[in-house]
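There are 2 protein chains.
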Amino acid sequence: MTQSHPSLSLDDTVHQRVRLGILAVLAEADQADFSYLKDVLDLTDGNLSRHLRVLEDAGYIRIDKGYEGRKPRTWVKATREGRRAFAGHLAALQELIDKATANKGKEQV
Amino acid sequence: MTQSHPSLSLDDTVHQRVRLGILAVLAEADQADFSYLKDVLDLTDGNLSRHLRVLEDAGYIRIDKGYEGRKPRTWVKATREGRRAFAGHLAALQELIDKATANKGKEQV
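In the order they appear, the protein sequences are chains E and P.
Residue 94 in this note's numbering sits at position 94 of the first sequence, and the numbers go up by one each step.
Residue 108 in this note's numbering sits at position 108 of the second sequence, and the numbers go up by one each step.
Incorrect hints may have been included.
Any copy, or any two copies together, can satisfy a pair, since identical chains are not distinguished.
No more than 30 angstroms apart at the CA atoms, straight line, and that leaves these computed lysine-lysine pairs for DSSO-like [to be verified]: (1) Lys99 <-> Lys38; (2) Lys77 <-> Lys99; (3) Lys65 <-> Lys99; (4) Lys65 <-> Lys77; (5) Lys38 <-> Lys65.
What the hints contain is simulated information worked out from the structure, not anything from laboratory work.
Produce the entire structure from the sequences given, and follow the hints as far as they go.
This is the structure:
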């Protein structure tokens, strides 16, 4: 009777608001450091750490701890798999948007 | 130092995968019945009910119980506020997609 809906292609690992934000920032940069992510996404240390762990467990990001001079830095980078999952997710969201927009147009006719 | 990210405009009431699906279906139709939503979004009764309650509490949908002949039917309809929240959410998602896609293009140059 019914076709499967584009929302069924959305993976919660990527879709969750904060994680979608993290992957979006990492799609725009080669790597980002922990403080930058915290700042741009307006998160606490604990909240960012928790979501990074979910993404790391899924194999979507890699975390490298190191030093810049004497200052400790935590670098976060999307893996190839993470970039692929994010790109696929954006495609599913675009499909959902296009479908909702197209059908809304139809109703107005 | 940093600009606020489009993911910060995403409201979890709308963004959550199942609820985004419900509002997308309701954007395409004047109203949908409970069984149709359950079917098209591949949900259990309990799961659909739980998410409908969140949307109803937010004022984004209205639920009308009635009969079609002798068959009980539960109709779900997006409110004006719900349609506005969904449209605003799609705009934020589109901004996030466009930003991620544009900047990815830049990196490749």
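Contradicted hints - numbers only:
none
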